[in-house]
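Undergrad: These are the residues of each chain, in order.
2 protein chains.
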Amino acid sequence: MERVRVSVNNNEEMVVTPWEVRGKIDYDKLIREFGTQPLTPELLDRIQKQTGELHPQLERRIFFSHRDFDWILQRYEAGEKFVLHTGRGPSGPVHIGHMIPWIFTKYLQDKFDAKLYFQITDDERFLQHDDFSMSESEKWAYENSLDLIALGFDPKKTRIILDTKNMGTMYDLVVQIAKRVTYSTAKAVFGFQDSTNIGMLFYPAVQAAPAFLESYLTGHNVPCLIPAAIDQDPYWRVTRDVAPKLGYYKPAQIHCRFVPGLGRGGKMSASMPETAIFTNDSPEAAYKKVLSAFTGGRATVEEQRKLGANPDICSVFAYDYFRFMNEKELGELRYNCLAGNIMCGECKQILAERVKKFLIEHQEKREKAKDHFEEFLFNPKDQ
Amino acid sequence: MERVRVSVNNNEEMVVTPWEVRGKIDYDKLIREFGTQPLTPELLDRIQKQTGELHPQLERRIFFSHRDFDWILQRYEAGEKFVLHTGRGPSGPVHIGHMIPWIFTKYLQDKFDAKLYFQITDDERFLQHDDFSMSESEKWAYENSLDLIALGFDPKKTRIILDTKNMGTMYDLVVQIAKRVTYSTAKAVFGFQDSTNIGMLFYPAVQAAPAFLESYLTGHNVPCLIPAAIDQDPYWRVTRDVAPKLGYYKPAQIHCRFVPGLGRGGKMSASMPETAIFTNDSPEAAYKKVLSAFTGGRATVEEQRKLGANPDICSVFAYDYFRFMNEKELGELRYNCLAGNIMCGECKQILAERVKKFLIEHQEKREKAKDHFEEFLFNPKDQ
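One line per chain: the protein sequences are A and B, in this order. Each residue of the first sequence is one higher than the one before, counting from 4 in our numbering. Each residue of the second sequence is one higher than the one before, counting from 4 in our numbering.
Hint data in this document are derived by calculation from the structure and do not stem from the laboratory. Idealized CB from N, CA, C, for every residue including glycine. Just so you know, not all the hints are guaranteed correct.
[Claimed, not checked] Chain B regions said to be covered by chain A (calculated; three or more residues, Cβ under 8 Å):
hint, region
1, 119 to 132
2, 165 to 175
3, 331 to 340
[Stated by the list, open to error] Keeping only pairs whose Cα atoms sit at most 30 Å apart, straight-line, the calculated DSS-like set for lysine-lysine is:
hint, chain 1, residue 1, chain 2, residue 2
4, B, 142, A, 142
5, A, 292, A, 118
6, B, 248, A, 384
7, B, 248, A, 168
8, A, 248, B, 168
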């Protein structure tokens with residue numbers, strides 16, 4: 004399979020790979036190009052039947068696409084449990100964009116009583132970045148885990164895997180996967196080149212392993228669901244290809260959109276820190292970042308009162324949409340924005356307060372998480 | 004670097020790679036092509052000065068080539084100890100050909116008071132062979148370890164590494180190595196192709212790791228000497244390239260020839276079991292194999308008495324040379340063979356008795372080794 008490089012217009016090419024996301028993202032095109040399925044109303048109904056309530060990220064189609072999620076539901080409806088697998092490359096502090104799918108993952112854990120394998124891919128980050136040391140990787144592995152724990156995951160049902168710490172348990176399985184992936188497949192899926200290091204060539208087998216880990220450790224086949232942003236899809240395509248060769252179920256996936264940053268377009272990215280809200284930002288600094296956010300406002304207050312503003316290109320509205328407003332608030336805001344009843348300054352103020360409040364609370368939970376870190380670590384003996 | 008494929012004559016091409024050795028081996032050409040150094044008389048003198056005695060495998064140039072062995076000696080003369088690293092791919096039973104360098108390694112351990120990291124590359128064998136299962140790999144890892152232990156290695160100074168069991172300890176180091184090897188280097192050195200699986204692409208980093216393990220675990224730079232057959236040289240070339248990038252010494256090497264089989268030419272190989280003496284052969288079966296060995300004899304007894312035979316193409320003489328005769332016996336045998344004073348049947352009988360005796364004793368030691376297996380296993384906690 005080729006990496007998706009769809010030319011959106013002459014100036015802006017959509018690029019979506021596990022290492023790079025840029026250009027204007029056309030999610031319908033991604034579904035077609037990646038060969039995934041859209042989340043249909045019928046599927047959402049079935050989810051609601053099992054869970055009692057739909058998570059806003061489903062209602063708003065922040066999670067918008069899947070592979071075999073209908074199959075997972077069918078097994079679940081028939082009484083079979085599944086495990087969850089997602090993760091994080093610990094290259095620096097976590098921002099709100101990273102946490103959006105984690106928040107949804109917690110909903111899945113709670114509603115489906117599902118065990119989560121959360122993989123911290125410290126090896127990948129080290130292999131990928133020339134100037135990245137193992138000790139940096141280790142530091143961020145710990146720091147990022149605290150953010151996960153702060154979201155309220157159940158320590159009894161959550162296992163944090165650190166690749167460099169848990170390879171002793173996983174290596175047998177990783178090698179079995181690696182044996183079934185040729186260089187030619189890996190090159191086609193990930194765009195590897197002659198200059199790619201042999202660690203990166205091997206790495207897809209490492210990222211695949213937790214999808215089979217429950218089956219491997221228990222000795223019977225357990226379905227796995229992977230909630231993650233859609234840029235990780237190439238890894239799961241390879242993982243799914245290998246699954247039947249090892250006698251395991253293909254892992255199902257549910258894909259989310261990229262959380263936009265506070266700038267003009269583009270996803271929230273650690274490489275543009277002024278447009279991202281990091282969990283280690285001081286609440287005041289985050290407050291200020293929001294006040295400097297790009298909006299869909301007009302040149303003058305007069306013009307805006309007369310013509311209204313554009314919420315669809317507004318990063319503040321996007322933040323409200325992804326995390327900070329409920330359905331009713333969003334509807335009202337959208338109406339008032341289009342009608343010119345609310346000015347951008349006011350809107351930014353509301354979001355800034357909410358972001359500040361969220362950070363203050365999250366940072367408290369993050370401090371408490373330090374006492375519970377060990378409880379979450381994967382230990383093959385207590386599986 | 005290219006794999007060495009030297010055309011010896013029109014019918015017979017010399018091929019020496021870690022996975023394939025065939026054709027008539029020209030060791031001088033290997034030294035030139037691989038860019039190694041011959042073991043000079045001056046170097047042997049320095050070894051003798053340190054060890055008191057030269058091992059027959061040095062005297063007979065069964066170990067014939069090296070990289071930086073002079074440097075290792077220089078450090079040793081200046082009071083610095085070194086570690087040894089060699090290993091075994093556990094694809095089946097061990098034959099005498101495998102044990103020749105191990106016997107020499109024990110001499111090095113004894114004379115230089117050196118710690119040995121013996122790597123059982125169960126992952127490589129599994130990755131390399133389509134029909135090889137992990138449980139087979141595990142079985143032979145254990146069985147082959149018993150052969151090593153039976154040779155009398157010191158449990159206090161010998162650590163058997165099983166790749167699949169010890170990856171937890173090594174993975175950090177392996178990833179650091181893998182980051183410094185590009186696909187293009189690995190392809191050039193090992194001849195990897197598009198159809199090669201990504202496990203094999205990564206594997207050179209795994210085989211390199213024990214060369215740095217003592218330095219990695221102790222935190223200070225410890226020289227390493229690798230005694231092994233010369234077909235493994237590509238792995239060490241890559242390992243040596245990486246060493247300075249990680250701040251470690253380049254591992255030195257000392258290379259041995261291939262032990263011939265009992266057939267007409269070719270090295271002893273598990274793929275031709277009738278020409279190899281396995282340590283799990285019954286002593287009687289081994290006895291019979293020797294009696295069927297290819298010799299340098301003449302068509303008739305009369306002819307041989309008149310013209311003498313040819314020890315240089317004789318597999319029985321080769322066995323005597325590699326393992327079963329001392330210098331005096333060999334000299335006498337060679338003379339009597341060339342002079343037509345001894346017939347092939349007699350010669351085979353002598354070797355067959357010695358092989359049988361060796362096997363009976365080795366198999367007893369091998370049984371006793373079962374009680375000591377655990378003592379030899381690498382455990383990072385007791386380093």
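Undergrad: It remains to establish, for every hint, whether it holds in the given structure.
TA: Hints and how they fare:
1. 119 to 132: Result for this restraint: holds, n = 3.
2. 165 to 175: Held - the region 165 to 175 of chain B has 9 residues with a Cβ nearer than 8 Å to chain A, which meets the minimum of three.
3. 331 to 340: violated (count 0)
4. 142/B with 142/A: Outside the cut-off at roughly 39 Å; violated.
5. 292/A with 118/A: Violated, at roughly 36 Å.
6. 248/B with 384/A: violated (37 Å)
7. 248/B with 168/A: Satisfied, since the Cα-Cα distance of roughly 23 Å is no more than 30 Å.
8. 248/A with 168/B: holds (23 Å)
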